[in-house]
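Enquirer: Protein chains in written order, with the numbering used here: chain R, 1 to 103; chain D, 1 to 555.
There could be a bad hint or two in this list.
A few chain R residues that don't get close to chain D, going by computed Cβ distances all over 10 Å [stated by the list, open to error]:
| id | residue |
| --- | --- |
| 1 | A7 |
| 2 | T24 |
| 3 | S30 |
| 4 | D35 |
| 5 | P71 |
| 6 | R100 |
| 7 | N102 |
Covered stretches of chain R (in silico footprint by chain D; criterion: 3 or more residues with CB under 8 Å from a CB of chain D, positions within the stretch not fixed) [unchecked claim]:
| id | region |
| --- | --- |
| 8 | 10-19 |
| 9 | 82-95 |
None of these hints come from the bench; they were simulated from the model. The beta-carbon is built from N, C-alpha and C at its ideal position, and this holds for glycine as well.
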Amino acid sequence: MVKKFTAKVITTNRLLEGDAVYLTRDGIWSPEFGDAELFTDPAGASLALETANRQTLLHVGAYFADAETDPSGRPSPTHYRERLRSMGPSNYCHGKQAERANV
Amino acid sequence: MYKYSEFDEFFVRRRVEEFRDQVRRRLDGSLTEDEFKPLRLKNGLYLQLHAYMLRVAIPYGTFDSRQMRQLADIADKWDKGYGHFTTRQNIQFNWPKLADVPAILDALADVDMHAIQTSGNCIRNVTADHFAGAAADEIADPRPTAELLRQWSTDHPEFQYLPRKFKIAVSGSSRDRAVTKAHDIGLRSIRDAGGSPGYEVLIGGGLGRTPMIGAVVREFLPESELLAYVESILRVYNLHGRRDNKYKARLKILVHETGIEKLSREIEAEFAERKKWFAGVDPELIEALKSAFKPPEFNLSRTGAFERRLEKDSGFRAWADTNLFEHRCSAYSIATVSLKPIGGTPGDASANQMRALADIAERLGHDEIRASHEQNIILPHIRKDDLPEAYDVLAASGLQTANFGLVSDIIACPGMDYCALATARSIPIAQEISRRFAALGIEREIGSMKIKISGCINACGHHHVGHIGILGLERAGVENYQITLGGDATETAALGDRAGRGFSADELIPALERLVEAYLRLRDSCRETFLEAYRRLGPEPFRAALYPETGKLAA
Ligand code: SF4
Numbered sequence: 001m002v003k004k005f006t007a008k009v010i011t012t013n014r015l016l017e018g019d020a021v022y023l024t025r026d027g028i029w030s031p032e033f034g035d036a037e038l039f040t041d042p043a044g045a046s047l048a049l050e051t052a053n054r055q056t057l058l059h060v061g062a063y064f065a066d067a068e069t070d071p072s073g074r075p076s077p078t079h080y081r082e083r084l085r086s087m088g089p090s091n092y093c094h095g096k097q098a099e100r101a102n103v
Numbered sequence: 001m002y003k004y005s006e007f008d009e010f011f012v013r014r015r016v017e018e019f020r021d022q023v024r025r026r027l028d029g030s031l032t033e034d035e036f037k038p039l040r041l042k043n044g045l046y047l048q049l050h051a052y053m054l055r056v057a058i059p060y061g062t063f064d065s066r067q068m069r070q071l072a073d074i075a076d077k078w079d080k081g082y083g084h085f086t087t088r089q090n091i092q093f094n095w096p097k098l099a100d101v102p103a104i105l106d107a108l109a110d111v112d113m114h115a116i117q118t119s120g121n122c123i124r125n126v127t128a129d130h131f132a133g134a135a136a137d138e139i140a141d142p143r144p145t146a147e148l149l150r151q152w153s154t155d156h157p158e159f160q161y162l163p164r165k166f167k168i169a170v171s172g173s174s175r176d177r178a179v180t181k182a183h184d185i186g187l188r189s190i191r192d193a194g195g196s197p198g199y200e201v202l203i204g205g206g207l208g209r210t211p212m213i214g215a216v217v218r219e220f221l222p223e224s225e226l227l228a229y230v231e232s233i234l235r236v237y238n239l240h241g242r243r244d245n246k247y248k249a250r251l252k253i254l255v256h257e258t259g260i261e262k263l264s265r266e267i268e269a270e271f272a273e274r275k276k277w278f279a280g281v282d283p284e285l286i287e288a289l290k291s292a293f294k295p296p297e298f299n300l301s302r303t304g305a306f307e308r309r310l311e312k313d314s315g316f317r318a319w320a321d322t323n324l325f326e327h328r329c330s331a332y333s334i335a336t337v338s339l340k341p342i343g344g345t346p347g348d349a350s351a352n353q354m355r356a357l358a359d360i361a362e363r364l365g366h367d368e369i370r371a372s373h374e375q376n377i378i379l380p381h382i383r384k385d386d387l388p389e390a391y392d393v394l395a396a397s398g399l400q401t402a403n404f405g406l407v408s409d410i411i412a413c414p415g416m417d418y419c420a421l422a423t424a425r426s427i428p429i430a431q432e433i434s435r436r437f438a439a440l441g442i443e444r445e446i447g448s449m450k451i452k453i454s455g456c457i458n459a460c461g462h463h464h465v466g467h468i469g470i471l472g473l474e475r476a477g478v479e480n481y482q483i484t485l486g487g488d489a490t491e492t493a494a495l496g497d498r499a500g501r502g503f504s505a506d507e508l509i510p511a512l513e514r515l516v517e518a519y520l521r522l523r524d525s526c527r528e529t530f531l532e533a534y535r536r537l538g539p540e541p542f543r544a545a546l547y548p549e550t551g552k553l554a555a
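Okay, chain R solo, but in the shape it has when bound (with noise of 0.2 Å):
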């Protein structure tokens, strides 16, 4: 039996600040989560990771992030790493969580 694909999002941390960053449909790189691509089909995923990954000085290295769409439409993270990666740390108002609330 194969194994069904779970979607995917790709993820990075930007080269200059270590951020996390994700790729949009657009093929920029968002701080948001929810504004990532959602990957549905495996080959289509491979091949925009592989795409992602020429952009050397942009960031790290870039890798597949579980997500699932989240009631309003937008990917969100499936594991909690990836959750607390997409928000910032828990003991202080810092990292994304930070940013947004100054927006």
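On the provided structure of chain R, position chain D with the ligand as indicated by the hints.
Expert: Relative to chain R, chain D with the ligand alone:
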């Protein structure tokens, strides 16, 4: 205090320049990430979940006001206004930007500091008893030894590519405050029958995936033969340590697989040769270093200000009761400044708190500061009658928490709030425990209690040697916490026993509460500590408290 020699200064500056060039080449594309990563790690720069993290060494935990102020300035200028003191006498900055790191390293070099040997398979920052040079029970100040080892190990050509990282700890007292039994090499100052100084040498200790308590490999090593012997251990390890499997590469596995007797013979054989090359080196160096660490001139006069404050201020009394230790000089005390405010992040200090600590050290503390592996700051030499004044400065900066050694004085690694290797969070667990027991108001009734939390099997939070150890893991996609009981980090070191199945984050705090209630019920007097009670009674009654459902099933 030891001041950098011209050689140290030159070496550190050259490394900063080298790294600046490496960063430049990474940014212009001449270095790939794969090429750059080991280079940045060699300079203490990690990439974590949200940002880069710079780990700065505080060799053997000793620093001064000038260095502390510089750390505060770095925190303000290039980070988010705070630093995190770790369990290895390092300080970590959680938010630097790559392009700023060379400037940060320059700022560190300005005050004789660096981030070298804080990562990678080399001899790491040597750690030591945080009461060094001050404790009443000290046999010898461990810092000259630690500094000698630092100088010897810095860029030692033979040991740049060890099978795995290598940690050395030095204790100068019969009380082990440096966890020497959980290091690759542990050195404990002793004297032989004739009164000559030397060390008991332990090897093969370590926590992590396969925790082990170090074994004595040499009962007495004369001080003058230290480097030759340590180098012999390293050489045997470098030759025979396993390189085929990262998880079996630490010295502890070699000790375990070869046996301490056989390994000891190999080390002695190597030592017999090496001793000749080192003849006379150590005594000369160590004497020079001893004078660099000679004690400050203590002011022995007393005014009674300490006693007067004790009498009228219960807050001060509570603090003095838990946070002060006996100094070698009776007019002085060692003050532990807790970086564990109730509900706070263990080991974090804001830039302003760092400046307050620097001020006290400079004005009232012979300009000496220590960082402890328990993530607290020590002011090692405060005259008793200056303690009220020091306390007031601490209190004005929120540093007066009177909880040293109590249930809220928790060691916790950064865990999944920062660390890329983590399997679960540790900081929120520490915060919860601290809040919960403070709310119950039974901290002092519980007494001595060491809770240690790690966010993964690497055990940076020393959970195996906590009276209560907590290890955060992942189970079926959620955080799960495993408890160990009866661990001990001191001269009577022991690894904790696994209690049983893990707990979810929500179940954990009530489980710990049941555990502590059971202890309070079971102890034979209010003097019997948790660890003593555990040793007397064994794990069963404590397991029963953690897992009441199994008791019911059995009944
Ligand atoms: S124990 Fe694990 S999670 Fe904690 S700091 Fe070490 S590597 Fe990171």
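Enquirer: Which hints from the list above does the structure break, by number from lowest to highest?
Expert: Failing hints: none at all.
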